[in-house]
Structure formats: C-alpha cells, structure tokens
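K.L.:
Protein chains in written order, with the working numbering: chain A, 1 to 644; chain B, 1 to 84.
Simulated from the structure, these hints should not be mistaken for lab results. This one's a predicted model, so the numbers in the text were calculated from it and none came from an experiment. Note that beta-carbon positions come from the ideal geometry of N, C-alpha and C, so glycine has one too. Heads up, a few of these hints could be off.
These stretches of chain A come out as covered by chain B in the derived footprint (C-beta under 8 angstroms, 3 or more residues) [what the hints assert, rightly or not]:
no., segment
1, 73–80
2, 87–98
3, 127–139
4, 262–274
5, 297–306
6, 461–468
Here are the simulated lysine-lysine pairs, PhoX-like style, with alpha carbons at most 20 angstroms apart [unchecked claim]:
no., chain 1, residue 1, chain 2, residue 2
7, A, Lys28, A, Lys557
8, B, Lys7, B, Lys78
9, B, Lys7, A, Lys557
10, A, Lys557, A, Lys499
11, B, Lys43, A, Lys280
12, A, Lys503, A, Lys28
13, B, Lys78, A, Lys280
14, B, Lys79, B, Lys7
Next come the chains, spelled out residue by residue.
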Amino acid sequence: MSIQVWTYIMVGLSFGLYMTIAWLSRVKDTKGFYVAGGGVPPMANGAATAADWMSAASFISMAGLISFMGYTGCIYLLGWTGGYVLLALLLAPYLRKFGKFTVPDFVGDRYYSQVARIVALICAIFVSLTYVAGQMRGVGIVFSRFLQVDVNTGVIIGMIIVFFYAGLGGMKGITWTQVAQYCVLIVAFLIPAVAISMEITGNPIPQIGFGSTIVESGGTFLLDALDGLSTELGFDRYTEAFGPNSKSMIDVFAIAFTLMVGTAGLPHVIIRFYTVPSVKAARLSAGYALLFIAILYTTAPAVASFARYNMINTINDQPYADLQHEEEGRDHWMKNWEETGLIAWMDKNNDGVINYYHGSAFAGRPAYLTSMDQLAELQADSQADPDNAVLAATVAYLVDQTAAGNMDEEGMPRGTHGQRLVISNMTLDENGQPSTNELYVDRDIMVLANPEIADLPAWVIALVAAGGLAAALSTASGLLLVIASSISHDLYYRVINRKASEKSRLLLGRIMIGVAVCLAGYFGINPPGFVAQVVAFAFGLGASSFFPVILLGIFWKRATKQGAIMGMVVGIGFTMFYIIQTKFFGASWWFMDISPEGIGTVGMVFNFVTCVIVSLITPKPPQEIIDLVESVRIPRGAGAAVDH
Amino acid sequence: MQQDAMKNYWRTNVTYMIILLTIWALVSYVFGIFLVEPLNTIKLGGFPLGFWFAQQGAIYVFVCLIFIYYVLMSRLDKKYDVHE
Numbered sequence: 001m002s003i004q005v006w007t008y009i010m011v012g013l014s015f016g017l018y019m020t021i022a023w024l025s026r027v028k029d030t031k032g033f034y035v036a037g038g039g040v041p042p043m044a045n046g047a048a049t050a051a052d053w054m055s056a057a058s059f060i061s062m063a064g065l066i067s068f069m070g071y072t073g074c075i076y077l078l079g080w081t082g083g084y085v086l087l088a089l090l091l092a093p094y095l096r097k098f099g100k101f102t103v104p105d106f107v108g109d110r111y112y113s114q115v116a117r118i119v120a121l122i123c124a125i126f127v128s129l130t131y132v133a134g135q136m137r138g139v140g141i142v143f144s145r146f147l148q149v150d151v152n153t154g155v156i157i158g159m160i161i162v163f164f165y166a167g168l169g170g171m172k173g174i175t176w177t178q179v180a181q182y183c184v185l186i187v188a189f190l191i192p193a194v195a196i197s198m199e200i201t202g203n204p205i206p207q208i209g210f211g212s213t214i215v216e217s218g219g220t221f222l223l224d225a226l227d228g229l230s231t232e233l234g235f236d237r238y239t240e241a242f243g244p245n246s247k248s249m250i251d252v253f254a255i256a257f258t259l260m261v262g263t264a265g266l267p268h269v270i271i272r273f274y275t276v277p278s279v280k281a282a283r284l285s286a287g288y289a290l291l292f293i294a295i296l297y298t299t300a301p302a303v304a305s306f307a308r309y310n311m312i313n314t315i316n317d318q319p320y321a322d323l324q325h326e327e328e329g330r331d332h333w334m335k336n337w338e339e340t341g342l343i344a345w346m347d348k349n350n351d352g353v354i355n356y357y358h359g360s361a362f363a364g365r366p367a368y369l370t371s372m373d374q375l376a377e378l379q380a381d382s383q384a385d386p387d388n389a390v391l392a393a394t395v396a397y398l399v400d401q402t403a404a405g406n407m408d409e410e411g412m413p414r415g416t417h418g419q420r421l422v423i424s425n426m427t428l429d430e431n432g433q434p435s436t437n438e439l440y441v442d443r444d445i446m447v448l449a450n451p452e453i454a455d456l457p458a459w460v461i462a463l464v465a466a467g468g469l470a471a472a473l474s475t476a477s478g479l480l481l482v483i484a485s486s487i488s489h490d491l492y493y494r495v496i497n498r499k500a501s502e503k504s505r506l507l508l509g510r511i512m513i514g515v516a517v518c519l520a521g522y523f524g525i526n527p528p529g530f531v532a533q534v535v536a537f538a539f540g541l542g543a544s545s546f547f548p549v550i551l552l553g554i555f556w557k558r559a560t561k562q563g564a565i566m567g568m569v570v571g572i573g574f575t576m577f578y579i580i581q582t583k584f585f586g587a588s589w590w591f592m593d594i595s596p597e598g599i600g601t602v603g604m605v606f607n608f609v610t611c612v613i614v615s616l617i618t619p620k621p622p623q624e625i626i627d628l629v630e631s632v633r634i635p636r637g638a639g640a641a642v643d644h
Numbered sequence: 001m002q003q004d005a006m007k008n009y010w011r012t013n014v015t016y017m018i019i020l021l022t023i024w025a026l027v028s029y030v031f032g033i034f035l036v037e038p039l040n041t042i043k044l045g046g047f048p049l050g051f052w053f054a055q056q057g058a059i060y061v062f063v064c065l066i067f068i069y070y071v072l073m074s075r076l077d078k079k080y081d082v083h084e
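In isolation and in its complexed conformation, chain B is listed as follows (with noise of 0.2 angstroms):
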C-alpha cells in the first residue's frame, strides 16, 4: 500500500473515530449526566428526558455506533483495498 493512501485511510478512520465517539460522550455525559435537569423539564411519554437518556436512550446510541462504525469502515476497508 502507498505511504500517501495509508495516510488517508488513516485520517478518514480517525475522523470516523472522533464523530461517533462526541457522539458517544454528548448522549450519555452531556444529556445524561451534565444536562439531565435541565432536560428533565421535557417529558418523552412518561419518561422525563434527561433521566431517559441516563437509563435507556445512551444505551440505544452505543449499539447504532458500533454498527454504524462497522459499516463504515467494511466500506472504508474495500475502498482501499485493506479488507480481508
């Protein structure tokens, strides 16, 4: 593989990396932790939101990531001809 190819597939998993991972930290510290009264004032059903977050919502987002995660780079790995 040439130096300059790895270097992008490089950045663009990094890339991929730091979107999923703010992703990550925004659902479950930032909505569920540091904005959690805040967003407790706004009512899902009878769930208030922010406590939603805390004990469902994040835990819902981790899996799409990881999938999200793997589709993306199976798709990442073809393009530069890295797969298996």
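Excised from the complex, chain A in its bound form (with noise of 0.2 angstroms):
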C-alpha cells in the first residue's frame, strides 16, 4: 500500500478514536465543562497534561530546530521541562487546595479585588491567544502536508473537530482524549527514533545510542563525528556551547529560564491541576506529567543528532542525479521533499553535486520556477537593475541550467541534473561570487523526513503523521478551553451577573468555544506575520504575570492587592515593551544582550521587586485572606474544585 492510503488509514483511526470518547464523555454540568468533574486520576492527568504541553512545535519542529542549534538546543529542552518542577513544588498542590476553576479566580480571591482578577483575564486571554494562533496554523499545516489539501482547508478541518469534542465534552472530554492522543504521539515518536537508532549505532535506545558509537565507522562516537562534520562544513562543533555563531552564556540562561518560569505560569497548564481528586493527586501528576513528556524530550535530541548526520552522510557531496531510491517505485526522499519545498539546491558551480556549507544558499525560502515566460521576465528585471549583482547572478544560474531544455512532466523547467529550479535571489559572499553552500533545509524535514531517509516502511511515515495531528490537535483544544472559560466563567459570571444560572453558563461555554475556535481560526487562515515569533513570547508573558503573583500569594502572606495589581502591570508592561521594541521596531538588545525570547526572566524580576515593594508599603491584607494562605497550605479538606 502506498504511504498516502496508509496515511488515510492511521489518521482516520485515531480521529475516530477521539471522536468517540469525545461522544462517551459529554458533559452536562459546568463542574464537568470546567475541571473534568475535579475526579481525574493521576496518571491520566499526567497523560493529558503532557498531549497538551507539546504542541506540533514539539513534535515536528524541536528536534528539528535542535540538530542545527547543537548544544544550545537545550534552552527548548530544559526549559519546557524544568518548569515542571516549579509547578510540582511551587504552585500545583496549593491551587489545587484554593480549589477554584481558573487563574484569574486565585488571583481575584486571593488578592480580594475585582481589579486584580480583571488584570489577571486580560493578562490570561492574551497569553493563551498567542499562544493559540500559532498552534491552529500549525493543525493547518499538519493537515496540509499529510492530507494534501490547502493549509486553510486545513486549519477549517482541525477547527470543525476540536470544536466537536471542545464544546461537547468540555474539560473532560478533552482530558480523555487528549490522553488518547498522548499514545498515538508518543508512539509515532518513538518508532522511528528507535529504528534509526538501531540502524546508526546498533543500540535500539535513542538515549544511550546517541552517546554511542557508530555501527559503519568502527568506533568512532557519533556525536564525535558529528562535531567534525560540522566543523568541515563551517558550523560551530555540534557539542560546542557558546560558539562564535550561536547564543552567549547570559542569553542560554535567560531563555531557558523564562521557558522554565513561563510553564509554571500559563493558565492553560495550570488548569489541569485542578481537574486531580487531592492535593497528594497534583503532586503525583505533575510527575507523571513530566515523565510523560521527558520520553519525547530526551529521545528529540537524540533524533536530532541522527538526523543531522543522516542528512550530511546521505546528500553533502552527493550527485544530484545519483540520489536514486534503491526500491521500485519510491522516489528517493530528496527528491519527494523537494517537491514541498522543505529543501530544496541550488547548483552554483554547476557540478552536478549537492554541495553543504555554513551560511544560507538564497534568501528566503525556496520559490521555484515554473515557466519559461517568468524567466523571460526576470532577464527584462535584470536588465533594467544593472546593478543589482544578486538577480544577475541568480538570473546567469537559470539560463544556464535551462540551456539544456529539461522539462517535467508538469511541464515545468528543470535544471540541467533534474532539479527544480529555485528562483529566490541567490547569497553572494563578500567578493560578489555566489556562496558555497547551495542547499536550503527546512528545520522541520528533520522529524517529517526522518522515516524516509531512514527507509523506514510506509505505516510508520504514516504513523507520525497522524502523531503530529495528535500533537497540534491537543494543543489547540486545551488552550481554546482556557479561553472559553476566562471569558464565560471569569468575566460572565464572576464579574458581570453573579446570579447566572448553571443552564446558562454551560450553554455561554460551549458557545465561548465556538467564539474562541472562529477567532483561532481566523488567525490560522490570516497569520499576522510575526505568529511564529510571537508564541515564543508566549512563555515572557507568563512568566513575567502569573508566576510571581500566584508564587507570592501562597508563600508571603503580607503580599497586598496593590503589590499584585502594580507588579502584574509592571512585569508584563517591561516585557511586553521590550519584545515590540527590539523585535518590531528594531532597537537593540539593549537590557545586558538580552534577546527578546529571554527577557521575560527579567519581566519576572521586576514583577516580584514590585510586588514586594508596594506590598510593604501598603495595608495588610484583611484577616480572612491569611486564612486563606494558611488554608492553602495544608492538603486536608481539599474538596472537588467548587466555583462558590
């Protein structure tokens, strides 16, 4: 059967498994809508904490994003593990105790003002629309790549379904299959991982064969030869931290750290606690929830390292027209991928050989051309731009590799070894000749790839398509929870009619999900821009608002309304600022070489001095809201979580 049919079949099982426990597990009450029923055992909260913490970035790109960042690769995965940490020891169990629905419900509570609460919505509603925009682009894109339809046919698709089983089920029909999901990703992961692991180093555990040596080579360490790979091609040495063209030290720890920091702040992980039975439940089930994701987050940057060596050992120095697929049938992995645009060479010097080096081959990604008139048109363009040497140089490539007159089936023009020709304005280097490296990869082949360039058979490319849809579709419909319920139940009810009753506030969830899936919808078919980059930020936002807040609320019983108002506003204000100033208006990483993705560990900062400042210099906090810290604090009398 061929890998589109398998694909058919993989995908169309799992959706169907989710479909029906989505239908298995309808809700009728807003306790059930919100927090599951507050009746979640452990270690399936674990599962499902973990399908919605790793997004389709996690399972497509990290690994990806990893084996060509090296060592430095570990900001992604220290920081989207440690802050689990921090969650399990810091703020889980305590908010489980407090026992209410959302963040902005602790904040209000706790803080004992309404102006408190509001902040804490607007700053919740910020962060999880970031974050979901980026997340329905990406179920757009999975859908596109392994379903051949349009990315907004796909986005549309992936809103009808996390709709379905968001606005039936609620909390608990997106907790049980988001655990369903945790199986069908985590196992789409591992097959490949291990098959290539055993393949490169004989060692069928990702984790040990990366520290390995490698079968064919005889003795030599894999990560050994994958630093003098990357030294012959120009790159810093993969193990190499802090090299000349990759992050500084203060940097490595800024961005790890407000990862770290921005988990235990986002409102759409810290949900998920309170759906456990007990306080000793949210402590079990942080664990579970990160073992559960340390199985992916160690096997990807192993999977990174074999992929990076794969792809130099199988293409760097390669005739193009060699790159043949030793099976009938199949086209070589290069060559389908080409096709997508996901990769994509340029043969600068006419040697027939795919050449690999430091630095970028073109600008951009790779367009293609597709007729001969749209050369015609780029010689006029040169022609009137004399001066302009990239077109010159870029228009010389296609009239010399169209000289020989290939053609496609298509009818499209190919190069003179059979490539696609890529139109995109070639880099020169500092004498004005072309650069060396004629090959453009996208980060993400390194995990869609991987079972083909491994030769893997056909169910397993399928099974990691239907793995990423996994991932992107948990993702989406957790944080579309957090953003239905901020506005139903923190504004409506909480802040507005009081007296609504449970018919009704059911009935505006399930229509804030429809509401929050059109407005992630939108975003998915209209990204602006700058999504890819702004989810990032995401995690400054949240670390520089809620963690500093919520971790003073429970463990500093002086903490006043006023401080909380003030440092929210400060943190977030500083962050914010700086992530626009330095990333859209293109001022300089002024705050200690800070880059923007880091800054929220400083936003933090400011946010706790704040606080702590105002609050000393304000009244003490009433009498019954130190009882209520020190309720907090002990696990007895956690009932199911109410909405009182």
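With the hints as a guide, dock the two chains, each given alone in a separate frame, to form the complex.
P.N.:
What follows is the structure, given as structure tokens:
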C-alpha cells in the first residue's frame, strides 16, 4: 500500500477514536465542563497534561531546531521540562487546595480585588490567544502536508474537530481525548527514533545510542563524528557551547529560565491541576506529566543528532542525479521533499554535486521557476536593474541551467541535473561570488522526512502524520478551553452576572468555545506575519505576569492587592515593551544583551520586586485572606473544585 | 491543627523545597550552562559531560525530583495528620 493510503487509514482511525471518546465523555454541568468533575486519576491527568503541553512545535519542529543548534538546543529541552518542577513544588498542590476553576479566580480571591481579577483575566486571554494562533496555523500545516489539502482547508477541518470534542465534552472530553492523543503521539515519535538509533548505532534506545559509536565507522562516537562534520562544513562543533555562531551564556540562561517559569505560569497548564481529586494527586500528577513529557524530550535531542548525521551523509557531496531510491516505485526522499519546498538545491558551481556548507544558499524560502516566460521576465528585470548583482547572478544560474531544455511531466523547466530550479535571490559572498552553500533545509524536515531518510516502511511514515496531528489538536483544544472559561466563567459569571444559572453558564461556555475556535481559525488562515515569533513570547508574558503573584500569594502572607496589581502591570508591561521594541522596531538588545525570547526572566524579577515593595508600603491584607493562605497550605479538606 | 504543629509542618515543607530546588538549579543551570565548558572535558561514554547534562541528565533529575517530593510530602502529611 502507498504512503497516502496508509496515512488516511492511520489518521482516520485515530480521529475515530477521539470522536468516540468525546461522545462518551460529554458533560451536563459546569464542573464537568471546566475541571472534568475534579475526578481525573493522576496518571491519566499526567498523560493529558503532557499531550496538552506538547504542541505540533514540540513534535515536529523541536528536534529539527536542535539539530541545527547543537548544544544551544538545550534552551528548549531544559526550558520546557524544568518548569514542571516549579509547578509541582511551588504551585500545583496549593492551587488544587484552593480549589477554584481558573487562574484569575485565584488571583481575584487571594488579592481580594476585582481589579486584580480583571488584570489577571486580561493577561490570561492575551497569553492564550498568542499561543493558540500559532497552534491553529500548525494544525493547518500538518493537515496540508499529510492529507494533501490546502493549508486553509486544513485549518477549517481542524476547527470543526476541535469544536466537536471541546464543545461537547468541555474539560472532561478534552482530558480523555488528550490521553488517547498522548499515546498516539508518543508511539509515533518513538518508533522511527528507535529504528534509526538501531540503524546508526546498533543500540535500540535512542537516549543511549546518542552517546554510542557508529556501526559503520568502527569505533567513532556519533557525537565526535558530528563535531567533525560540523567543523568541516563551517558550523560550530555540534557539542560546543557558546560558539561564535551561537548564543551567549547569559542569553542561554535567560531563555531557559523564561521558558521554565513561563511554563509554570501558562494558564492552560495550571488549569490541568484542578482536575485531579486531591492535593496529593496534584503532586503525583505533575510527576507523571513530566515523566511522559521527558520520554519525548530526551528522545528529541537523540533524533536531532541522528537526523543531522544522516542528512549530511546521505546528500552532502552526492551527485544529485545519483540520488535514487533502491526500491522500485519510491522516489529518493530528497526528491520527494524537494517538491514541498522544504529542501531545495541551487547548483551554483554547476558540478551536479550537492555542496552543503554553513550559511544560507539563497534568501528566504525557496520559490521555483514555473515557466520559461517567468525566466524572460526575470531577465528583463535584471536588464532594467544592471547594478543588482544578486539578481544578475540568479538569472545567470537559471539561464545556464535551462539551456539543456529539461522539462518535467507538468511542463515546468528543470535544471541540467533534473533538479527543481530555485529563483530566490542567490546569496553572494563578500567578493560578490556565489556563496559555497547550495542547500536549503527547513528544520521541520528533520522529523517529517526522518522515517524516509532511514528507509522505514510506509505505515511508519503514516503514523508520524497521525502523531503530528494528535500533538497539534491536543494543544489547541486545551488552549481554547482556557479562553472560553476565561470569558464565560471569569468575566461573565464572576464579574458581570453572579446570578447566572448553571444551564445558561454551560451554554455560554459552549458558545465561547465556538467563538474562540473561530477567532483562532481566523488567525490560522490569516496569520499575522509575526505569529511564529509571537508564540515563543507567550512564555515571556506568562513568566512576567502570573508566576510571581501566584508564588507570593501562597508563600508570603503580606502580599497585598496593590502589590499584585502593580507587579503584574510592571512585569508584563516591561516584557511586552521590550519585545515590541526589539522585535518590531529594530532596537538593539539593550538590556544586558538579552534577546527578546529571554527577557521574561527580567520582567519576572521586576514583577517580584514591584510586588514586594508596593506590598510593604500598603496596608496589610485582611485577616480572612491570611486565613485563606493558611488553609491553602494544608492539604486536608480539599474538596472538589467549586465555584462559590 | 495546633499553631506550632502547623508551623513545623510548613517549615519542613519549605526545607524540602529549598533542597530540591537547589538540586534543580545545580543540574540545569550550573552543570548544564554555567560550567558546561569545563565539564565538557570529561567524557561520559560518547557524551561530553556538560552537554549530557544540558540535553539529557538534567531532565532525568527533574523527573526524580518531583517523585521524591511526592513521597516526602505524603509522609509529612501523614505525620502531621493533614492528609486527605
């Protein structure tokens, strides 16, 4: 059977499973809708949290990112796991004991203030929206890659599915589907990883294979071989920290710290700990969540190194014309993925051999030549603008390559060696000559094409598709629920209409999921150009707004409402200002050379300091708040989460 | 619950947290980032040690820390009779 047929089977089966679960766990009350009735066992909640947490980006992009970053990839590995230790030790048990539905609930009650509640509410919506916009786009891309539909159609399919199970089952439906999604995604991630580890190092456990020797080379360690290849090709050594082309120590620290604290401050993660039956279960559940996450997160860096090694070995210095798949009826992976534009080759020196080197091959993503008329237009542009050396070099390449008159079945011009012709602006070196590197590689290809590179059977490739979709959908649904509950519970019920009936609140919750799905879908179809960058900033905003005030709310009885409000405003305000200033207005990284991705660490410190100082100069919190804080610290008496 | 017992319970809890979070910071920030270069001169199989902490070891330790905290606190809750 072909890859395509297998993909439909795998994706169809997994979706059928999610739908069945959603139908079986549909709910009738707000408690089921917001916190799954508060009775999810810790292990199941751990799996759901892990699926909620690991997005399409973790599944598809992270290993690829690491394989290009080497050591520096640890910012994601540490940053997106270490936060769970903070959650388990500092936040989850106490928030569970407190026992309300949402983060703004805690902030509003602990800081005895509607204003604090509303500020927290705005922060929650803002953080979740930035995050979900990127996810919906991810859902669309994953659908379009695997099901061969247009990205926008993919977004719409994703919207319908998420609406179906989130609207029907609320938190309960989401939780149980996420458990299933975790199983799908982890199996899909591990099978290719194990096979490739076995192939390269002879050890089936990727975490160990990663540090073992390469079978073919007789005793060279994989990482040593990679260090050597990287140096040869002009990159920093793979295991080298803070090399000339990578981030500085302070920046690595700041980014890892921001991601950790941001994790602990993300509303869709925190809300998961309201769904377990007790304080003890909340602690245990955080442990399971991290265990399940760690399975993927310790495999990913291994996959990164295998993929990098495999990629360099299978295509660098190889004649393009010789890239043939051994098996009949299947193309070489490079030629398959060349069609999608995720990998592209520009034979600048016309030797027919793929030369890979540090630096870009051409500007941006590849665009391909579709007709000879297009080439004529480019030639005319070039004649009209003779000083444009880049355009001249690009046109010269195209003219040279099309001279042989090669065409493919669709009538598109092909190069001398049969390659797709890239028309993007060629990169030149400082002498105005074409730069050495001829290869464009999208980081996502490292996971997506990995099973093909390692020559695994078609059903494995299809399984990766189902896994990618599981990862994207589980995260999107969790986020949508937070947005819906923020509006229907925190804003409507707690602020606007305290007398709303159970039934009308449940209905409003469902309507809000619909609204949130449409909003997220809108951003998925019309992504603001900066979405991809913005997702990373959700962590900075989470770190600088919620984490300090929740922490102080539990551990420092003296923290006052004025302190919390000022702290949140200063923290998120500074972080947003720095990000916008440096990212969109081109300001330099003026604060200790910290990149905008890491600035949440600084915002968080400002939040802490502001909250402490303002608290000390404002009147003490009332006695009932002090009693509340004391009761939160004792596990006994944690009933189910309630909404009194 | 008595005021004193409550204070002791909380103090022990905070002590556990400080110890565990110190280990948390040590394996990730100190071994994985600040001291990564000197540690990389030591080899653990095919791994430079600092690199291993940054991409593998710290994560294993994180998982252990949470389970250790769970066990310690379950005992403490029982001892002070505050468990559910």
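K.L.:
Let me make sure I understand: some of the numbered hints might not hold for this structure. Which ones are they, in numerical order?
P.N.:
3, 4, 6, 7, 10, 11
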